[in-house]
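> Here is what each chain is made of, one letter per residue.
There are 2 protein chains.
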Amino acid sequence: MPTTNGHVKPGRSEVYSEVQISRLKVSLPLPSVLKSSFDVVDGRKSSAAGNPDEIAKLFPKLFGQPSVFLKAGGSLTKQSLKIGIVLSGGQAPGGHNVICGILDYLQNRAQGSTIYGFRGGPVGIMKCKYVQLTYEFVYPYRNQGGFDMICSGRDKIETPEQFQQARETAKKLDLDGIVVIGGDDSNTNACLLAENFRANGLKTRVIGCPKTIDGDLKCKEVPISFGFDTACKVIHSWKEYYAPRSIFTASRKLATVSFMKGFHSKSFYDMQIYSEMIGNLMVDARSTGKYYHFVRLMGRAASHITLECALQTHPNIAIIGEEVAALKQTLKSITNYITNIICKRADAGYNYGIILIPEGLIDFIPEVQQLLAELNEILSHDVVDQGGAWKKKLRSQSHELFEMLPKAIQEQLLLERDPHGNVQVAKIETEKMLIQMVEVELENRKKEGKYKKDFKGLPHFFGYEGRCGLPSTFDSNYCYALGYGAAALLHSGKTGLISSVGNLGAPVEDWTVGGTALTSLMDVERRHGKFKSVIKKAMVELEGAPFKKFASMRNDWSLKNRYINPGPVQFVGPTSKVINHTLMLELGSQA
Amino acid sequence: MPTTNGHVKPGRSEVYSEVQISRLKVSLPLPSVLKSSFDVVDGRKSSAAGNPDEIAKLFPKLFGQPSVFLKAGGSLTKQSLKIGIVLSGGQAPGGHNVICGILDYLQNRAQGSTIYGFRGGPVGIMKCKYVQLTYEFVYPYRNQGGFDMICSGRDKIETPEQFQQARETAKKLDLDGIVVIGGDDSNTNACLLAENFRANGLKTRVIGCPKTIDGDLKCKEVPISFGFDTACKVIHSWKEYYAPRSIFTASRKLATVSFMKGFHSKSFYDMQIYSEMIGNLMVDARSTGKYYHFVRLMGRAASHITLECALQTHPNIAIIGEEVAALKQTLKSITNYITNIICKRADAGYNYGIILIPEGLIDFIPEVQQLLAELNEILSHDVVDQGGAWKKKLRSQSHELFEMLPKAIQEQLLLERDPHGNVQVAKIETEKMLIQMVEVELENRKKEGKYKKDFKGLPHFFGYEGRCGLPSTFDSNYCYALGYGAAALLHSGKTGLISSVGNLGAPVEDWTVGGTALTSLMDVERRHGKFKSVIKKAMVELEGAPFKKFASMRNDWSLKNRYINPGPVQFVGPTSKVINHTLMLELGSQA
Numbered sequence: 001m002p003t004t005n006g007h008v009k010p011g012r013s014e015v016y017s018e019v020q021i022s023r024l025k026v027s028l029p030l031p032s033v034l035k036s037s038f039d040v041v042d043g044r045k046s047s048a049a050g051n052p053d054e055i056a057k058l059f060p061k062l063f064g065q066p067s068v069f070l071k072a073g074g075s076l077t078k079q080s081l082k083i084g085i086v087l088s089g090g091q092a093p094g095g096h097n098v099i100c101g102i103l104d105y106l107q108n109r110a111q112g113s114t115i116y117g118f119r120g121g122p123v124g125i126m127k128c129k130y131v132q133l134t135y136e137f138v139y140p141y142r143n144q145g146g147f148d149m150i151c152s153g154r155d156k157i158e159t160p161e162q163f164q165q166a167r168e169t170a171k172k173l174d175l176d177g178i179v180v181i182g183g184d185d186s187n188t189n190a191c192l193l194a195e196n197f198r199a200n201g202l203k204t205r206v207i208g209c210p211k212t213i214d215g216d217l218k219c220k221e222v223p224i225s226f227g228f229d230t231a232c233k234v235i236h237s238w239k240e241y242y243a244p245r246s247i248f249t250a251s252r253k254l255a256t257v258s259f260m261k262g263f264h265s266k267s268f269y270d271m272q273i274y275s276e277m278i279g280n281l282m283v284d285a286r287s288t289g290k291y292y293h294f295v296r297l298m299g300r301a302a303s304h305i306t307l308e309c310a311l312q313t314h315p316n317i318a319i320i321g322e323e324v325a326a327l328k329q330t331l332k333s334i335t336n337y338i339t340n341i342i343c344k345r346a347d348a349g350y351n352y353g354i355i356l357i358p359e360g361l362i363d364f365i366p367e368v369q370q371l372l373a374e375l376n377e378i379l380s381h382d383v384v385d386q387g388g389a390w391k392k393k394l395r396s397q398s399h400e401l402f403e404m405l406p407k408a409i410q411e412q413l414l415l416e417r418d419p420h421g422n423v424q425v426a427k428i429e430t431e432k433m434l435i436q437m438v439e440v441e442l443e444n445r446k447k448e449g450k451y452k453k454d455f456k457g458l459p460h461f462f463g464y465e466g467r468c469g470l471p472s473t474f475d476s477n478y479c480y481a482l483g484y485g486a487a488a489l490l491h492s493g494k495t496g497l498i499s500s501v502g503n504l505g506a507p508v509e510d511w512t513v514g515g516t517a518l519t520s521l522m523d524v525e526r527r528h529g530k531f532k533s534v535i536k537k538a539m540v541e542l543e544g545a546p547f548k549k550f551a552s553m554r555n556d557w558s559l560k561n562r563y564i565n566p567g568p569v570q571f572v573g574p575t576s577k578v579i580n581h582t583l584m585l586e587l588g589s590q591a
Numbered sequence: 001m002p003t004t005n006g007h008v009k010p011g012r013s014e015v016y017s018e019v020q021i022s023r024l025k026v027s028l029p030l031p032s033v034l035k036s037s038f039d040v041v042d043g044r045k046s047s048a049a050g051n052p053d054e055i056a057k058l059f060p061k062l063f064g065q066p067s068v069f070l071k072a073g074g075s076l077t078k079q080s081l082k083i084g085i086v087l088s089g090g091q092a093p094g095g096h097n098v099i100c101g102i103l104d105y106l107q108n109r110a111q112g113s114t115i116y117g118f119r120g121g122p123v124g125i126m127k128c129k130y131v132q133l134t135y136e137f138v139y140p141y142r143n144q145g146g147f148d149m150i151c152s153g154r155d156k157i158e159t160p161e162q163f164q165q166a167r168e169t170a171k172k173l174d175l176d177g178i179v180v181i182g183g184d185d186s187n188t189n190a191c192l193l194a195e196n197f198r199a200n201g202l203k204t205r206v207i208g209c210p211k212t213i214d215g216d217l218k219c220k221e222v223p224i225s226f227g228f229d230t231a232c233k234v235i236h237s238w239k240e241y242y243a244p245r246s247i248f249t250a251s252r253k254l255a256t257v258s259f260m261k262g263f264h265s266k267s268f269y270d271m272q273i274y275s276e277m278i279g280n281l282m283v284d285a286r287s288t289g290k291y292y293h294f295v296r297l298m299g300r301a302a303s304h305i306t307l308e309c310a311l312q313t314h315p316n317i318a319i320i321g322e323e324v325a326a327l328k329q330t331l332k333s334i335t336n337y338i339t340n341i342i343c344k345r346a347d348a349g350y351n352y353g354i355i356l357i358p359e360g361l362i363d364f365i366p367e368v369q370q371l372l373a374e375l376n377e378i379l380s381h382d383v384v385d386q387g388g389a390w391k392k393k394l395r396s397q398s399h400e401l402f403e404m405l406p407k408a409i410q411e412q413l414l415l416e417r418d419p420h421g422n423v424q425v426a427k428i429e430t431e432k433m434l435i436q437m438v439e440v441e442l443e444n445r446k447k448e449g450k451y452k453k454d455f456k457g458l459p460h461f462f463g464y465e466g467r468c469g470l471p472s473t474f475d476s477n478y479c480y481a482l483g484y485g486a487a488a489l490l491h492s493g494k495t496g497l498i499s500s501v502g503n504l505g506a507p508v509e510d511w512t513v514g515g516t517a518l519t520s521l522m523d524v525e526r527r528h529g530k531f532k533s534v535i536k537k538a539m540v541e542l543e544g545a546p547f548k549k550f551a552s553m554r555n556d557w558s559l560k561n562r563y564i565n566p567g568p569v570q571f572v573g574p575t576s577k578v579i580n581h582t583l584m585l586e587l588g589s590q591a
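Chains as they are written, first to last, in the working numbering: chain U, 1 to 591; chain S, 1 to 591.
Derived by calculation from the structure, the hints in this document are not laboratory data.
Possibly wrong hints are sitting among the right ones.
Put simply, identical chains are the same to the list, so a pair is met inside one copy or across any two.
Below, a list of computed lysine-lysine pairs in the DSSO-like style, where the Cα atoms sit at most 30 Å apart [to be verified]: (1) K560 to K35; (2) K328 to K393; (3) K332 to K427; (4) K456 to K432; (5) K537 to K290; (6) K156 to K453; (7) K392 to K530; (8) K129 to K290; (9) K407 to K456; (10) K452 to K332; (11) K453 to K129; (12) K344 to K129; (13) K432 to K447.
For clarity, every value in this text was computed on a predicted model and none was experimentally measured.
Isolated chain U (complex conformation) (with noise of 0.2 Å):
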């Protein structure tokens, strides 16, 4: 609670700033259907994201469950329950609103209710470690980043031993239900637990949150008023934006199914917060004159973030994973791409420029996936010589892609492997790695006479510093709506649902409020010959129109400078409301 110097002294040892404590007092306003009694109407049955078959062997007691949506009207019963939260995988700022949320809509709705908190993530649940959250505990923690309240963790329940220690642990507390705050992972996971309660008897409930869901989500299951304002039309082509990694398989179908992975972890304050800098770098580029900076951006799994800060920002180049997986491209082509354009811009009189690249490339390359495979088989059986003879084993593509990577990410690979004696990806620095092959292409075309200029690259790696950052108005609104709507649908009975708010963007009170069937979002992936239900994580759309957006502009953005600083995130004043001023007005004109 703010003590009369206007610090916080909560459970968090530290002093809040200025910042902080102003954000800590602001309040939170809900959906107007929230704001009163009302019924939980079912809408159809549901069926699966793709193997529906399989899905219903998989989830015997929750396939086909409708999807709901909240209604004004009728009465609710006012009583207490007792909930447990869970925070699961990474995070992402309003985490904490989440849990708000939920906190209040109990404290309103079902006093006396007890509720707690399992201590990092799904270990927590197992291992029965938990706090019991209380208004005064959780205050402090209001609009606040981070997953601090009460940790997070990547631990799955998966064995049956797994599931018996979650049992035990519902049981012990009494627990009426679970809300699960996570990503695609922790969502499966939530309707796995779900599936297992009621099949063991359980009346424990559990529901899901995502930090964020797409449009088309909605759109299938939750009624929305469309004719979105300017704001909306942004949320609004993240329809066409996020589509599923089925672009690379054959089961295109899929499509619809468009939980985003990209916005599980990644939220609206980390576009801006990364947009910020690279808007910065470059009006650092363009007033030095002289540095070229490559920039790397989280997104292991999917280019969504170098997509959405592409179009926020207007770099010189960006380059998009799944377009480079579906173009078949190499390292050598995609080296090539960027030597042509940082030869143009010198032809122009631009020695400068922004450089995007998402943090999987290299897992979008066909050719290094291949030399990686080659690599980890040889590794494993071969001591790597030093005149070289091992090399002998790489098939000729393999070899040749080796010898062109620089002499530091080579004996990366070779040197640091991890504990399973596989190399690790992850540790290469792609951004490194791209500036040393543009350097060698550069150096050729010097020696050719067709570049003259000095070329200085500087990496930069922009991850962690952005996810722990404050949540936005938006997502501080969003995630308490989210949670807010959580402990209705646990209120009303429901299980195996995720929190779904819709229509929005439309203001607060007109956002709709319901949960959509986990169950419908899956499908089932083979692993060791057993089928698994997996929400499929969503990739970037190529034929989407935020992707069509960016391909139609990039040739402009790479010779002239169509430079966009967004600049810090506002909480007051007329630029705090400002969600997605670019994507808004690039993208909106054609809604």
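Given the coordinates of chain U, assemble chain S onto it according to the supplied hints.
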């Protein structure tokens, strides 16, 4: 100019973000002395920061001239002027506002004036490359970051030929004055130029403009009414904070000349943006509970930024280069210091933390300097044999140190050399080196049973992405006043002064305005047998209140987590005027 759709399409080809536009529209306040007519009042005859006899010889025309201050009253000529402006050295948020201030002064007080912006730094003066600065041209840069309006450069006007070129430009453009906006080197150059012009009978006067000056300068030269308000206590504290490099030399008397190197190239905004990022990492560390974030911060010559950010955010460890040098610490002792704290934190249940390191750390470690000198000597004559026989030429202490370095650093020292064959210290990623050295030391302790956790160090470098950000409200106002004042000094016929704005803790209208004799800041260094004038670099003063405060609190910070997350820079609302909450709180009470 803003067009109807709220966008600016000026010389800049970029689109402006909402936040940029909102900043563009903000009007800039002036100190009241600049709002009406004023007299320019001379102070006492000045001397030099050191070796006044030598300075008198180097600046026969300018030496001894008094500093001045502006006082309400009087009436200035309305005579129009021809003025050139140059941006020199690294960018800092607010540079554009200095130019806006100059323009607005001339527009208001010397109508019909002509203003030239030299392109790309001092080379623009030598080659007479310029653009005419009109209100329309300059307007889009108001309150915007970077130096991209006319760009900057690091050239110096040094040789007789170069001074000749400068005189030719001054004559060709019929210049009444030049304003040099830059750091200590640039202002030394401004003083040389002023002397040269006067000695050659040119009418062209020269005024320097620092991006920030610390209190001490004004205390000596400009009447400052003490009784600073809360914000001012920060400024006040800097007096003790910034002292010249003299702490490492015999000339302690230089301690009063604290023209701040740190604040020439770094401003409030940078501190805020770095502190925001560090604060986010703190929340991240606390949330995940498994990372030690090693953050390298800009500051090659001094550790101001590291100290400032430490006071703002309360990291577990911050290494201050000036202390390392004063205590003659070794790389080994620094490694042990960090490792000890990590072990103690592990005992206390914390397997995470935040460690701040100044970019120039290596330059402060005497034994490393010795090793580098020996390496440069050996490498210039000998071939590095694979067997390592060359190492026998190292002194035993240097040999030991070399062997202690991580392999990657060893290779970097041997392989990556500059065109002169010298080891490239600047390329060493200090944060990675320390992570690797701590890893080794922790492995040793594990074997001794003194450490049981798994250590994961994550490297970060916060540099370029901060220095071109949107200037904060303070930076915007301060720089505008500096520019307005510089034009006033030129208009009143002054030369060889540096624009000085003081009483910064008070409301803008009460700020003082004046000019300090550049020669009074000078000392000499002996180079190639000749005396050369220099403005000494300001170092962190180990006897100053800020370092003492840090020193008194760091043990507490190291084991407990007193993290502060300052959040993003706010331009509007209650927190927008917070310059430096923490330092203020910490140090205010003792002022």
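> Work down the list of hints and note, for each, if the structure agrees.
Verification of the supplied hints:
1. K560 to K35: neither (50 Å within a copy, 41 Å between copies)
2. K328 to K393: Classified as within: same-chain Cα gap 24 Å, cross-chain 52 Å, threshold 30 Å.
3. K332 to K427: both (20 Å within a copy, 26 Å between copies)
4. K456 to K432: both (12 Å within a copy, 21 Å between copies)
5. K537 to K290: Cα proximity of K537 and K290: across copies only (26 Å, versus 39 Å in one copy).
6. K156 to K453: For K156 and K453, the Cα distance is within 30 Å only across copies (22 Å; inside one copy 53 Å).
7. K392 to K530: neither (37 Å within a copy, 62 Å between copies)
8. K129 to K290: between (54 Å within a copy, 18 Å between copies)
9. K407 to K456: both (19 Å within a copy, 25 Å between copies)
10. K452 to K332: Cα proximity of K452 and K332: one copy only (21 Å, versus 45 Å across).
11. K453 to K129: between (61 Å within a copy, 20 Å between copies)
12. K344 to K129: Cα proximity of K344 and K129: across copies only (24 Å, versus 60 Å in one copy).
13. K432 to K447: Intra 23 Å, inter 35 Å, cutoff 30 Å: intra-copy only.
In summary, the structure is inconsistent with hints 1, 7 from the numbered list given earlier, while agreeing with the others.
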